[in-house]
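These protein sequence lines are chains X and L, in that order. Just so you know, we're using the working numbering here: the first sequence kicks off at 345 and counts up by one. Just so you know, we're using the working numbering here: the second sequence kicks off at 345 and counts up by one.
Do not rely on the hints blindly, as some may be mistaken.
Said to hold, decoys possible - What the simulated footprint calls covered on chain X by chain L, stretch by stretch (three residues with Cβ under 8 Å from a Cβ of chain L suffice, anywhere in the stretch; the number is not a length): (1) 478–490; (2) 572–580; (3) 882–896.
Quick caveat, the hints were computed from the structure, so don't treat them as lab data. No residue lacks a Cβ here, since even glycine has one placed at the ideal position from N, Cα and C.
Protein chains: 2
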Amino acid sequence: MYRTHHCGELRLSDIGKLSTLSGWVQRTRQLGGMTFVDIRDRYGITQAVFNMNTDAALCEQANKLGREFVIQITGTVQERSSKNTKIATGDIELISTQLVVLNASKVPPFTIEEDTDGGDDIRMRYRYLDLRRPPVQRNIIMRHQMAQEARHYLCQQQFLEIETPFLIKSTPEGARDFVVPSRMNVGQFYALPQSPQTFKQLLMVSGYDRYFQIVRCFRDEDLRADRQPEFTQIDCEMAFVEREDVLQTFEGLLKHIFQYVKHYDLGDVTRMSYNDAMRLYGNDKPDIRFAMTFVELNDHAKGNGFKVFDEAELIVGICAKGCADYTRKQIDELTLWMQRPQIGAKGLVYVRYNTDGTLKSSVDKFYNSDDLAAWAKAMNAEPGDLLLVVSGDAAKARKQLSELRLEMGSRLGLRRSDEFRALWVLDFPLLEWDDDDQRWNACHHPFTRPKATAEGWEKTPPSDLKAEAYDLVLNGSEIAGGSIRIHERPLQEKMFDLLGLTKEEAEHKFGFLLGAFEYGAPPHGGIAFGFDRLCSILGGADSIRDFIAFPKNNSGRDTMIDAPAPIEEKQYKELGIKAN
Amino acid sequence: MYRTHHCGELRLSDIGKLSTLSGWVQRTRQLGGMTFVDIRDRYGITQAVFNMNTDAALCEQANKLGREFVIQITGTVQERSSKNTKIATGDIELISTQLVVLNASKVPPFTIEEDTDGGDDIRMRYRYLDLRRPPVQRNIIMRHQMAQEARHYLCQQQFLEIETPFLIKSTPEGARDFVVPSRMNVGQFYALPQSPQTFKQLLMVSGYDRYFQIVRCFRDEDLRADRQPEFTQIDCEMAFVEREDVLQTFEGLLKHIFQYVKHYDLGDVTRMSYNDAMRLYGNDKPDIRFAMTFVELNDHAKGNGFKVFDEAELIVGICAKGCADYTRKQIDELTLWMQRPQIGAKGLVYVRYNTDGTLKSSVDKFYNSDDLAAWAKAMNAEPGDLLLVVSGDAAKARKQLSELRLEMGSRLGLRRSDEFRALWVLDFPLLEWDDDDQRWNACHHPFTRPKATAEGWEKTPPSDLKAEAYDLVLNGSEIAGGSIRIHERPLQEKMFDLLGLTKEEAEHKFGFLLGAFEYGAPPHGGIAFGFDRLCSILGGADSIRDFIAFPKNNSGRDTMIDAPAPIEEKQYKELGIKAN
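Working from the sequences, and respecting the hints, build out all of it.
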C-alpha cells in the first residue's frame with residue numbers, strides 16, 4: 345500500500361494518526377536542525393518534518409531530496425505551531441518516521457510552478473512536466489468536469505450517447521480530409537470524420553430521437569494560430585424538432601455547464617439575426633459583453649464635400665465612452681493600428697466630444713460643429729466620448745470597425761474574462777457565392793434546411809435565401825453551430841444541384857443519405873459545440889492549447905513524441921503506396 | 345411543435361387529453377369501418393383509431409399509410425375497450441382528429457420487427473433501417489447506459505476523464521498501425537492509436553493519479569470473425585497502486601455496471617493463476633459458469649500397453665455429468681467433432697460410468713474395470729457420468745480438451761447467457777518465445793512490470809519470468825487486461841533490450857517515455873476493458889456487431905457508405921504519395 349491519505353486530505357481531526365503519503369517533492373527547506381519537505385499530489389500539498397535531533401539519519405536522507413523526486417513518507421499527524429492558511433492542510437504537519445524514495449528525478453528543465461520560466465517550445469517537448477503545473481492541471485480537471493456535466497444534462501434530457509465510426513469515406517468539399525490508406529482494400533482509403541454529420545442524421549432516420557457524442561473530429565487545414573488538426577465536439581441531433589426546441593435545449597446545456605462547473609448564472613441567452621449582428625457589430629459572432637454598437641452615418645456625413653465619405657458605400661462609427669481625452673498620439677497610434685495589413689483600413693476619422701461640450705474632429709475642414717453634433721446625437725454620445733468612424737466598401741468597413749470595436753473594448757476593460765454573455769445568431773444566409781469556383785457554397789453545410797419563403801424557396805434568388813441555421817456565440821467566440829436539416833430526398837437533391845454537384849457526384853458521395861431519406865426520415869435538427877474552445881472560454885484563457893492534454897503545435901506536430909514521422913518500407917509496401 | 349407526448353407515454357390518467365404524437369407507422373389494420381394505426385417511436389407504440397363513420401376523409405387518408413411512413417397524429421386519449429397488456433400504452437388509444445404525413449417511405453427491404461427476414465448483407469447495407477429493429481435498439485441503448493454507469497463509477501472513484509491524441513506516431517510491433525499521411529510534413533505519417541498506453545502512463549508521470557477514457561482504438565489486423573478495425577476501450581490508469589488496488593477498483597467497476605444496468609448481483613470475482621487456469625481448464629480465459637475441470641490421468645493410465653497413452657506427454661480428461669447414456673452414435677459424432685482440423689485431436693477416449701456401476705470404455709482392451717474405476721475416482725465421477733479423455737502433447741491436449749469442455753458445457757445447457765461469472769487470471773508469463781523471429785515477445789506489452797523473483801529477475805531464465813499482469817474474464821471471454829507498469833528508465837531499457845530492440849530503436853520509438861521516467865515517474869498500473877465485447881456479453885449475444893451502431897464487415901468495409909473508397913488525384917498529390 346503506497347498511501348493511507350492523499351496530500352490534500354489531512355486535517356486537525358486527524359491529529360495523532362499514523363499516516364503515509366506518496367507524491368512529489370515540491371520543495372525542501374532546512375531550518376535550525378529541522379528539514380521541511382512539501383509533498384505534492386493532484387489533491388494538494390502537505391508539509392512533512394524531519395528533525396536532526398530525533399533521527400539524524402532520516403533527516404540526512406530528507407536533505408538529499410531534489411525537486412520532483414517521488415517519495416513516500418510515513419509519520420504522525422501533528423498540529424502546526426505556525427499555520428499556513430493558504431493550503432487546505434495548513435493546520436497540520438507530518439512528523440516523519442520513514443522516508444522512501446520511490447523514484448528520483450533529474451532537475452526539471454523548467455520550474456513546476458503556477459508561473460513557469462519555461463518557453464512554449466520546451467514546455468511542449470516536456471509536456472508531461474508542463475501538465476504538472478497547477479494552471480494546466482486546473483484546466484484539464486475543469487475540462488473533465490465540463491464533459492461530465494454536459495453528459496449529465498444531456499442524459500437527463502433523454503439523449504443517447506452513440507458512437508459513430510472514425511474510419512469513413514472521403515467526401516472532399518470545404519475542408520480537407522485526413523485519409524487512411526486501406527491495406528485490405530489496396531488503392532482505397534478511409535477518411536477521418538470532419539464531424540459525424542451524416543451518421544447522426546442517419547441515427548435520426550433510425551429513430552434514436554436524441555443523440556449526442558463527445559467526439560474527436562479531424563480537419564487537414566493549414567493551421568492558423570490556435571487551430572488543432574484534431575479537435576473535440578459535443579455533437580448532438582434531435583428528431584421531431586423545430587428551431588425553438590433546439591435553441592431551448594442547448595441554451596439549457598450551456599446554462600447547466602456554467603451553473604455546475606463555474607457556479608455562474610449565465611442568465612438568458614440573447615437572440616439576434618445575422619443581419620442585425622452584421623449591422624450593429626460588423627461581425628457574425630459579436631462580443632456582447634459591451635455595447636459600443638455601430639451607428640451608420642451615411643445620412644449625416646455625405647454631401648459635405650469630403651470625397652472619402654461621399655464616395656463610400658458606408659460610413660459607420662462607434663462611440664468610445666469617456667475617451668475624449670485620448671491624445672493626438674494615442675489616436676495616431678489607433679489609426680496606424682487600423683492601417684496594418686491585417687485590418688487594412690485606409691484611415692480613421694475621429695470626433696472628440698469634449699467635456700466642455702465642444703466638438704473637435706479630424707475632418708473639421710468639411711464638417712462644422714452642428715454637423716458633428718448631429719453625428720454625436722445619432723451615436724448617443726455624451727460629452728467626454730470619442731467617436732471613431734470608418735468608411736468605404738460596406739463589408740470591409742464593417743469588418744474593420746468590428747476589429748476596432750473589440751480593440752477599444754479590450755482597452756477599456758469591457759471584455760472581462762470572468763464575465764460571460766451568450767448570444768444566438770439566427771437567420772444566416774443559406775449560400776455564399778464563391779468567386780474562385782464561380783458557384784454557390786453552403787454557408788453552414790449542404791444538409792441545412794432553407795427557410796421557407798413567401799414565394800417558395802425555389803423561386804427566391806439564391807442570394808436572398810436564409811438558412812434554418814443558428815450559431816451560439818459566447819464572449820465573441822462561436823462555441824456552437826447547427827441547423828434544422830433537410831429530411832426529404834427531393835429537397836436534398838435540389839440543394840446538391842444548387843451547390844454544383846452532379847447527380848453522379850451526389851449519389852457517389854451521399855447516396856446512402858439520399859437513400860435513407862426515402863425510408864421514413866423524420867424532421868430533425870442539431871448542433872455541435874466546439875468543446876476545446878468552450879473550455880478555454882470558461883477557463884478565461886485565449887488559447888485552447890492548455891485545455892488539451894497533448895496538443896499539436898502550429899505545424900501539426902507533436903514535438904514530445906515527435907510525430908508525424910517516417911514509416912517503414914514494409915508499411916508502404918503493405919499499403920500499396922509509395923512516396924511521390 | 346411536432347408532438348405533445350412520446351409514443352410510450354400515454355396512460356389511463358391522460359384520458360380526455362388532446363394529444364399529438366409523431367413517429368413511424370408500425371402497422372395498420374382495417375376492421376369494420378375502423379382503421380387502427382400503431383405509431384412507434386423510440387419510447388414505445390401507441391394505437392390510433394380512425395373511424396369511417398366519424399370522418400371518412402381522414403379515415404381514407406389513414407388507409408393509405410404504408411409501413412414506416414413518418415406521421416403526426418392528433419387526437420383525444422380514450423380508454424380502450426380491449427386492452428393490450430403487452431405494451432405500456434395498452435390501456436388507451438388515440439381517437440384521431442388529424443393526420444399529417446411528415447414523410448413517406450418506400451417499402452423497406454426487410455421487416456422492421458423483433459426477428460427480421462433480412463440477411464446480414466442487406467441489413468448492413470441498410471443499417472439505418474436495421475437500427476430501427478427492437479433488439480438492435482435495445483443493444484444500442486444498453487451500451488449507452490453501460491458507458492454512463494462506467495463513467496459514473498469511475499468519477500465517484502476520483503478518476504479524471506482525459507482525452508489523448510488520435511494522430512500519433514507509428515511504432516509497429518505486434519499489430520499493424522493504421523497510418524495517416526501528413527500533408528504539412530510530406531513523407532511523414534501519423535498513426536492511429538492501438539491504445540492510449542504511453543499517453544496514459546505519461547499522465548501518471550504528470551500526477552493526474554487516476555485517469556480514464558472511453559476511447560476508440562485502431563488495429564489494422566486481418567479480421568477474424570467478430571473483430572473490428574476500430575473498437576472501443578474503457579481505458580484506465582492509476583498511480584501509487586499495487587496489483588490489489590487495481591483488482592479491487594475494477595472488480596468494483598464491473599459489479600457496478602452489472603448492478604445498475606442489468607440489476608444483477610455479480611457476486612465476488614474469483615481469482616486464479618494462469619498456471620491453474622491452464623491446468624484446470626486448458627485455457628487462459630476459462631468459462632467458470634460450470635466446473636467440469638480437467639483431471640490429469642498420467643499416473644493412472646500409463647504403462648498398460650496402450651501406446652497412444654504411453655507415448656503421450658499428457659493424458660487428461662473431463663467428467664460429463666449424467667452423460668453415460670450417450671449412444672455410440674453420439675460419441676462417434678463427438679469424436680469426429682474433435683478430429684475436425686480446427687481442433688485437430690487424433691481421437692477421443694471415453695469411459696461410460698453406467699448407472700448400474702459398471703464401466704465401459706473405448707479402451708477396454710488395455711484397461712480393466714479396476715483401472716477404469718481408478719480413473720473414475722480420480723475424476724470424482726459418479727454412476728451416470730461419461731468420462732472423456734484426450735492425450736498427446738500437453739499444450740495441444742489441453743487446448744483440444746478445453747474446446748470439448750466448452751462444447752459439452754453448451755450441450756448440457758451449462759452456459760446460460762443470463763448467468764454471469766467473472767474471474768481474474770493472474771501471474772501470466774512475462775514473455776513468450778517467437779519461433780519465427782527467434783526472439784522473446786512480451787505476452788502483455790513491453791511496459792508490463794516483471795514480478796519480483798527470489799534471485800532477482802535478471803538472473804531468472806526469461807521463460808520463468810512472471811508478469812504483474814492480470815486479465816478479467818467474463819463467461820469465458822477476456823473483457824479486460826492490464827498490468828502494473830515499469831516506471832524506472834533502467835528497467836524499461838532492459839526490457840526493451842530483452843525484447844530485441846536496439847538502443848537506437850528504443851530511443852526513436854519510446855524516447856519520450858524513457859525521458860519521462862527520469863523526471864519523477866510514480867509507480868503505476870492500469871487496465872483496459874474491451875467495451876464492445878463487454879456490451880455483447882451483457883446483452884447475452886455472441887457477436888459484437890449488433891452492439892456497434894455502424895460496424896464494418898469482415899473485410900473492413902462499411903457497405904452502407906461504401907468505404908474505404910478511391911481518393912482524388914489532387915489528394916494523392918497534396919499528400920506526396922502515389923499508388924504503387
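Outcome of the hint check:
With 5 residues having a Cβ less than 8 Å from any Cβ of chain L, the segment 478–490 of chain X passes the three-residue criterion, so the hint holds. Chain L is given as covering the segment 572–580 of chain X, and this holds because 3 residues of the stretch bring a CB closer than 8 Å to a CB of that chain, at least three being needed. Restraint check on the segment 882–896 of chain X versus chain L: 4 residues with Cβ-Cβ distances below 8 Å, three needed, restraint holds.
In this structure, every one of the numbered hints holds.
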